[in-house]
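Student: Chain by chain, the residues:
Number of protein chains: 2
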Amino acid sequence: MEIPNRELFGPGPTNVPNSVLQALSQPTIGHLDPEFLKLMDEVGDKTKYSFQTENALTFVLSAPGSIGMETSFVNIVEPGDKVITCINGVFGGRMQAICQKIGASVVTIENEWGTPVDVEQLAETLQQHPDAKIVAFVHAETSTGVRSDAQAIAALARQNDCLVVADCVTSLAGVELRVDDWGLDVAYSGSQKCLSCVPGLSPITFSQKAVDTIKRRKTPVVSWFCDVSLLMSYYESGEKTRAYHHTAPVNSLYAINEALSLVVDETLESRWLRHQDAANHLYSKLEAAGLEMLVVPEHRLAPLTLVRIPDGVDDAAVRGSLLANRNIELGGGLGKFAGEAWRIGLMGQNASVDRADFISDALIAELGKR
Amino acid sequence: MEIPNRELFGPGPTNVPNSVLQALSQPTIGHLDPEFLKLMDEVGDKTKYSFQTENALTFVLSAPGSIGMETSFVNIVEPGDKVITCINGVFGGRMQAICQKIGASVVTIENEWGTPVDVEQLAETLQQHPDAKIVAFVHAETSTGVRSDAQAIAALARQNDCLVVADCVTSLAGVELRVDDWGLDVAYSGSQKCLSCVPGLSPITFSQKAVDTIKRRKTPVVSWFCDVSLLMSYYESGEKTRAYHHTAPVNSLYAINEALSLVVDETLESRWLRHQDAANHLYSKLEAAGLEMLVVPEHRLAPLTLVRIPDGVDDAAVRGSLLANRNIELGGGLGKFAGEAWRIGLMGQNASVDRADFISDALIAELGKR
Chain R
729 MEIPNRELFG PGPTNVPNSV LQALSQPTIG HLDPEFLKLM DEVGDKTKYS
779 FQTENALTFV LSAPGSIGME TSFVNIVEPG DKVITCINGV FGGRMQAICQ
829 KIGASVVTIE NEWGTPVDVE QLAETLQQHP DAKIVAFVHA ETSTGVRSDA
879 QAIAALARQN DCLVVADCVT SLAGVELRVD DWGLDVAYSG SQKCLSCVPG
929 LSPITFSQKA VDTIKRRKTP VVSWFCDVSL LMSYYESGEK TRAYHHTAPV
979 NSLYAINEAL SLVVDETLES RWLRHQDAAN HLYSKLEAAG LEMLVVPEHR
1029 LAPLTLVRIP DGVDDAAVRG SLLANRNIEL GGGLGKFAGE AWRIGLMGQN
1079 ASVDRADFIS DALIAELGKR
Chain S
729 MEIPNRELFG PGPTNVPNSV LQALSQPTIG HLDPEFLKLM DEVGDKTKYS
779 FQTENALTFV LSAPGSIGME TSFVNIVEPG DKVITCINGV FGGRMQAICQ
829 KIGASVVTIE NEWGTPVDVE QLAETLQQHP DAKIVAFVHA ETSTGVRSDA
879 QAIAALARQN DCLVVADCVT SLAGVELRVD DWGLDVAYSG SQKCLSCVPG
929 LSPITFSQKA VDTIKRRKTP VVSWFCDVSL LMSYYESGEK TRAYHHTAPV
979 NSLYAINEAL SLVVDETLES RWLRHQDAAN HLYSKLEAAG LEMLVVPEHR
1029 LAPLTLVRIP DGVDDAAVRG SLLANRNIEL GGGLGKFAGE AWRIGLMGQN
1079 ASVDRADFIS DALIAELGKR
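Protein chains in written order, with this note's numbering: chain R, 729 to 1098; chain S, 729 to 1098.
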């Protein structure tokens, strides 16, 4: 089957560097092979760097980002635990759904789509619910292009003795993220966004406090696949050897090892800056053409920009034409924003001023035809 | 990182054909791209062929085989449901563990490791438990190299109005498997065994009776990631379009599309025969050298052979030497068979008389040195 060469400017996957695709297609080896265990050590160390953490239990889950979300909650939440979920888009809503499935007592704070989590409102909610055990929020909402203040949310949650769960799917390696300094207890991401890797993996990290919570559970974790207690002994043995309790997705791990190496080589600080520079260029080009960003400047998420679809413009026709004629994928709106906004991703390899030029020129030209 | 070229004769992954690795490293496209949806249609059709089923809800899960097991049970089992799990190795035991986590009332029948599920014993157990809702068993036990009589087990279960769940991780595309003719309601597999694909995916199929059971659930499915009701509308719409409710592992799906094409081109019947011919050659070579197979001929699983480790031979030293000196991975024993048996896989690309010659010559030479 012939796969077209797409320019990926949607909400992820983004384009994958050739070196990552080459790593992906190296010959498969066994998941118990000593060479594979060495690779796991490397992947673990680079994942720690990317999350800015020293957490021992830091690894890559064998499935897409939504398994990161599920793994976070099924391990630290027990039935009846009170969880405050902050909802300002699709993925906060998914957190709520997963916690409800586990039988948690879920308290939600809801903020307007396109705005960040309201830290004042969270403070009030924490006061009203002193028995809350966990605060969960989305650092970078992929449905709205909003960045919330993870540092402030985490500080507040910890003052109230809560564990903090952060969805970092669209922030890891794209915007500032400091798991240890900010005090995030569980953070997870996806491979296909700012890491510029193939989709299908989910890096995750658990703090010692999260690990202790898991060890003190009174009820078993309801999922076998997501049960990290089946892995913890490997990470606590003092040896560096990492292992899975299932067949590891060996080739995908070659790919993320290379993708993470690119992050280490570039340094996180440069990478965050590169994403911001690209986004700034995109904003100014689109605004100069009369287009409107959906999120106010101070809450914008550099890797993903929401642009209001101008009145009278046919959303599907624009995206269809860009795809058919120019091999460009532009993201459609999700949930409440379907038909109202486009989502333009400048992630990983595509986070550059050149690529921002390319996509804004293409979109402006397409709109000019109409 | 330099990846060695291993000869993979363990319990999987097996060696992956170059065409599959090439497909894997095609450029990534979006999971909502019309070209990707076409690919999903192709993958779905070839998966149906491989399982020998017309089930509409037949697709590839975005994680390794153990997610296939978990997805099977979390969807059709509700707390309190009686499930008969047949245990004759590690993977039957895992079925039991997963069902217990869901809160099922689990009845087990246990058979000696190295022997198949005892159909008579299952008949008695079904008589003792007329309220049983599900019978679950492992068609091809990867820990013991035993093939159970799936057809007889399924017939018996259905006479007793039970749904049938079959673990086909090491049987799909390697030994005879006929989901519709035999009446299996849920069957799942892994990509890295007889399909000769990279590890990390799990093909699965649900019968209409299984789908109806899911629709009649009184309690929600406890997992979000594994909840197939979130996918069923796509498969029931009458349109062929398949979709995921999460980011699909796009590149891995390119790979399994190619691996499944190789199955279709070869035909299942030829592929089953090829696996059997290779295994027969292996048995006769090893037996001629004085080695003993652990399973009696009529219950042997062609893709995976258990060979008793001769008295006084150092298991780890033999496997270590084969790996270090000849790049050969031979499988160690698992669970009760650790240190007692080697597991020799002749799966997918490696299921040939030539490859059987290669691995048996290598093992015999290695033993000759000692």
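Simulated from the structure, these hints should not be mistaken for laboratory data.
One should not assume that every hint holds.
A pair holds if it fits inside one copy or across any two, identical chains being indistinguishable in the list.
Cross-link-like lysine-lysine pairs, in silico, BS3-like; alpha carbons within 25 Å at most [unchecked claim]:
1. Lys-943 <-> Lys-1013
2. Lys-946 <-> Lys-1064
3. Lys-943 <-> Lys-829
4. Lys-946 <-> Lys-829
5. Lys-776 <-> Lys-810
Student: Look at each hint and say if it fits the structure.
Tutor: Against the structure, the hints come out as follows:
Proximity of Lys-943 and Lys-1013 under a CA criterion of 25 Å is satisfied in neither setting, with 52 Å inside one chain copy and 50 Å between copies. When the C-alpha separation of Lys-946 and Lys-1064 is checked against a cutoff of 25 Å, the pair qualifies neither within a copy, at 39 Å, nor between copies, at 30 Å. For the identical chains of this complex, Lys-943 and Lys-829 are neighbours both inside a copy (21 Å) and across copies (17 Å), given an alpha-carbon limit of 25 Å. In this assembly of identical chains, Lys-946 and Lys-829 lie within 25 Å of each other by CA distance both inside one copy and across copies; the values are 18 Å within and 13 Å between.
For a Cα distance limit of 25 Å, the shortest separation of Lys-776 from Lys-810 qualifies neither inside one copy, at 29 Å, nor across copies, at 44 Å.
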